[in-house]
Amino acid sequence: MRIAKPNTCFWQGSKACAEGAITAGCRFFAGYPITPASEIAEHMARRLPQVGGIAIQMEDEMASIGAIIGASWAGTKAMTATSGPGFSLMQEFIGYAFMTETPCVIVNAQRAGPSTGQATKCGQGDVMQSRWGTHGDYSAIVLSPNSVQEMFTLTVRAFNLAEKYRTPVILLSDETITHMREQITVPSVNNVEIVNRRKPRRGEKAFFGLEEIPPMPAVGEGFNVAVTGSTHDEYGIRFTADPLVHIKLVKRLNSKIRNNSNEISDFEEYNIEDCQIGVISYGCTSRAIYEAVEKAESKGVKTGYIRLKTIWPFPGNVVRKMVENANKIIVPELNLGQIRYEVEKASNGLAKVIPLNKIGGGELITPEELLATILKEAKTND
Amino acid sequence: MTENFSIRKYLRDLKLPFCPGCGIPTIMNTFLRAVHELGYENLNNFVFCSGIGCSSWIPSPYFNADSIHTPHGRSIPVATGIKLLHPKLNVVVFGGDGDIVGIGMSHFIHAARRNLDILVIMVNNMVYGMTGGQVAPTTPFKTKTATTPYGSFEQPLDATRLAVAAGACYSARWTTAHSNDLKESIKKAIQTKGFRFIEVVSQCPTAYGRRAGFKNIAEMLKWFKENSVPIHQAEKTSEKELEKRIIIGEFVERRRPTIGETIHAMIKEVQMNAEQN
Numbered sequence: 002m003r004i005a006k007p008n009t010c011f012w013q014g015s016k017a018c019a020e021g022a023i024t025a026g027c028r029f030f031a032g033y034p035i036t037p038a039s040e041i042a043e044h045m046a047r048r049l050p051q052v053g054g055i056a057i058q059m060e061d062e063m064a065s066i067g068a069i070i071g072a073s074w075a076g077t078k079a080m081t082a083t084s085g086p087g088f089s090l091m092q093e094f095i096g097y098a099f100m101t102e103t104p105c106v107i108v109n110a111q112r113a114g115p116s117t118g119q120a121t122k123c124g125q126g127d128v129m130q131s132r133w134g135t136h137g138d139y140s141a142i143v144l145s146p147n148s149v150q151e152m153f154t155l156t157v158r159a160f161n162l163a164e165k166y167r168t169p170v171i172l173l174s175d176e177t178i179t180h181m182r183e184q185i186t187v188p189s190v191n192n193v194e195i196v197n198r199r200k201p202r203r204g205e206k207a208f209f210g211l212e213e214i215p216p217m218p219a220v221g222e223g224f225n226v227a228v229t230g231s232t233h234d235e236y237g238i239r240f241t242a243d244p245l246v247h248i249k250l251v252k253r254l255n256s257k258i259r260n261n262s263n264e265i266s267d268f269e270e271y272n273i274e275d276c277q278i279g280v281i282s283y284g285c286t287s288r289a290i291y292e293a294v295e296k297a298e299s300k301g302v303k304t305g306y307i308r309l310k311t312i313w314p315f316p317g318n319v320v321r322k323m324v325e326n327a328n329k330i331i332v333p334e335l336n337l338g339q340i341r342y343e344v345e346k347a348s349n350g351l352a353k354v355i356p357l358n359k360i361g362g363g364e365l366i367t368p369e370e371l372l373a374t375i376l377k378e379a380k381t382n383d
Numbered sequence: 211m212t213e214n215f216s217i218r219k220y221l222r223d224l225k226l227p228f229c230p231g232c233g234i235p236t237i238m239n240t241f242l243r244a245v246h247e248l249g250y251e252n253l254n255n256f257v258f259c260s261g262i263g264c265s266s267w268i269p270s271p272y273f274n275a276d277s278i279h280t281p282h283g284r285s286i287p288v289a290t291g292i293k294l295l296h297p298k299l300n301v302v303v304f305g306g307d308g309d310i311v312g313i314g315m316s317h318f319i320h321a322a323r324r325n326l327d328i329l330v331i332m333v334n335n336m337v338y339g340m341t342g343g344q345v346a347p348t349t350p351f352k353t354k355t356a357t358t359p360y361g362s363f364e365q366p367l368d369a370t371r372l373a374v375a376a377g378a379c380y381s382a383r384w385t386t387a388h389s390n391d392l393k394e395s396i397k398k399a400i401q402t403k404g405f406r407f408i409e410v411v412s413q414c415p416t417a418y419g420r421r422a423g424f425k426n427i428a429e430m431l432k433w434f435k436e437n438s439v440p441i442h443q444a445e446k447t448s449e450k451e452l453e454k455r456i457i458i459g460e461f462v463e464r465r466r467p468t469i470g471e472t473i474h475a476m477i478k479e480v481q482m483n484a485e486q487n
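Residue numbers (the numbering used here), protein chains in the order written: chain U, 2 to 383; chain G, 211 to 487.
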């Protein structure tokens, strides 16, 4: 069995993620056991050798992401998968991958934190960490799947964005989406868009600048590439004190993502131009919005929603569009309030932002709870 | 035989950053001389990984080669990804004692256990030099450093023996006062398969020597020479007598299957079975 054949299947999210990665061209996986991401490693361990790839269990999460960064510089698409505690350990190397422009995919199946928290229970507490977890000025690309189907398609997209922008991409899943089983339509590999990093031409020497997204050689190809997480010029030569080299590098690394945020951003929207109440949601929580919004509308409340498929860069534009009409925006999250602050920032006082939060025990926000909040807010004028 | 040899052919045209009297240029020179004597005209068959610290700057970016300068202590995991996918490249890790057996200790042990086919050269200056001379896992007992102003109260680690215990195929220790032995050892290590480890005890006059009580560099090198005990001699010497001595020589030479050989054989088998099914 090679690449997954086109078919309608009943898969677990972790399997969809692994198969999506293999379809995208991933041939190296390194990970460390952690609930609820272990199934991704298990699936990769079984499947990668079948397609000529390597899956290895490393001694910890730092080594896991280190190995995939090495693999990426060896010219191979590579992925690791973890959950909150491991994601914390990976922050050092996420900054390194950003600084060295190393394409790779990091899956974080979120569970309830902080710390060990409730290891087997769902959470959405790593939203801000996925954006700001490593030190220094950086920009993150973070995708948020809300179905088994999207565990496949967004994993493919994570690889494509990583390869296109030469940057680490985070697939911010959660325990529910990773563990749940549902129907998935596996596309034919010929119908899947696959992006590969741009390779340098013979004789090229600048792999860290000159262009917004420079070409990337692999080791062993004769380019004598010098890779460093220290501040470096276009040729990879370290400059540990020069302010101009630092400004030029760090601004370009950030602007290559910020300047392309419209292209990177992806979301599902409904009725945002004609709603009184807006709902903005992502991941497992967003599965409640469809039923809640439909029922609210049947009760005469003009309701719309934005369902984020990319959390970072945050699509502020579409929120601004929503607040032209909506005077209240409900933000359901399995944390004590994280994305609500981004929504508040984007809505700029034009709408009241109402957080709807739940944590602990893996309890999800139900359509009924969301509906009740929508109806309550529709009735009150404040 | 090597009269016309210049290490410049292996270097980028950059000014080296090391302090006067540092042991690193000796190690750099010795390594490149070994490479030259093995007949490599350039470093195209090599990939260098290093972490953070003075000795991690040996290859990065000074060697005209592929070099990956990683976060502190993390060179070996990056080397793991590279070596597994490029079995034919010579992957060499340079790092300090803090990098390899301080913050990166676990990666070091596991790479030796897995028998990852790489060469790790650890420059042991017995101190955190780049950050100003703080105590290291290798600092001799009772030695004064910036963070042990009354003398170190910890026992130092024997990294070369640790490599043997963890499963290395080659493990040796030398000092910068033994550059010819070191060169021959590097040549042997490059030609050996499996996890290979060479520890080079090196002088750091700036951050170590002056606090530890050495007046000058020559004194440090003299100390290396006079305190070094060849391993065959050490085996006949009591533990008490070996205190504060540097045991030099080759600690192990052996052959066992590397992780790369095992993985690639497994992949072949899995693919063959998959085709038959």
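Read the hints as simulated data drawn from the structure, not as lab findings.
Check each hint, because a few of them may be wrong.
[Unchecked claim] Some chain U residues close to chain G (C-beta under 8 Å, calculated; not the full set):
| hint | residue |
| --- | --- |
| 1 | G26 |
| 2 | P34 |
| 3 | P50 |
| 4 | M59 |
| 5 | D61 |
| 6 | G71 |
| 7 | A75 |
| 8 | S231 |
| 9 | D234 |
| 10 | E235 |
| 11 | F240 |
| 12 | L337 |
Glycine residues also receive a C-beta, built at the ideal position from the N, C-alpha and C atoms.
Worksheet item: Does A75/U pass the interface check with chain G, least Cβ-Cβ distance below 8 Å?
Response: holds, 4 Å
Worksheet entry | Hint check: 8 Å Cβ-Cβ cutoff, L337/U to chain G | Since the shortest Cβ distance to chain G is 31 Å, the answer is violated.
Worksheet item: Given F240/U was flagged as interface, is its beta-carbon under 8 Å from a beta-carbon of chain G?
Response: Constraint on F240/U not satisfied, violated at 11 Å.
Fill in: Restraint check, 8 Å cut-off on beta carbons, for M59/U near chain G
holds, 7 Å
Worksheet item: Does S231/U meet its interface restraint, that is, does its C-beta lie within less than 8 Å of any C-beta in chain G?
Response: holds, 7 Å
Worksheet item: Is the interface hint for D234/U satisfied, with its Cβ closer than 8 Å to some Cβ of chain G?
Response: Check failed: Cβ of D234/U comes no nearer than 10 Å to chain G, outside 8 Å.
Worksheet entry | Interface hint outcome for P34/U [beta carbon to chain G under 8 Å] | Violated: closest Cβ of chain G sits about 15 Å from P34/U, beyond 8 Å.
Practice prompt. Classify the hint on P50/U as holds or violated, based on whether any CB of chain G lies nearer than 8 Å to its CB.
Written response: holds, 4 Å
Worksheet item: Does G26/U pass the interface hint, meaning its C-beta sits closer than 8 Å to a C-beta of chain G?
Response: At 14 Å from the nearest chain G Cβ, G26/U fails the 8 Å test, so the hint is violated.
Fill in: Status of the hint placing D61/U at chain G (closest C-beta pair under 8 Å)
holds, 7 Å
Item to complete: Have a go at the G71/U hint: is there a Cβ in chain G nearer than 8 Å to its own Cβ?
Response: At about 3 Å, which falls below the 8 Å cut-off, the nearest Cβ of chain G leaves the hint on G71/U intact, so it holds.
Practice prompt. Please verify that hint: E235/U, Cβ, nearest Cβ of chain G, below 8 Å or not.
Written response: violated, 13 Å
Comparing the model with each earlier hint shows violations of hints 1, 2, 9, 10, 11 and 12; every other hint is respected.
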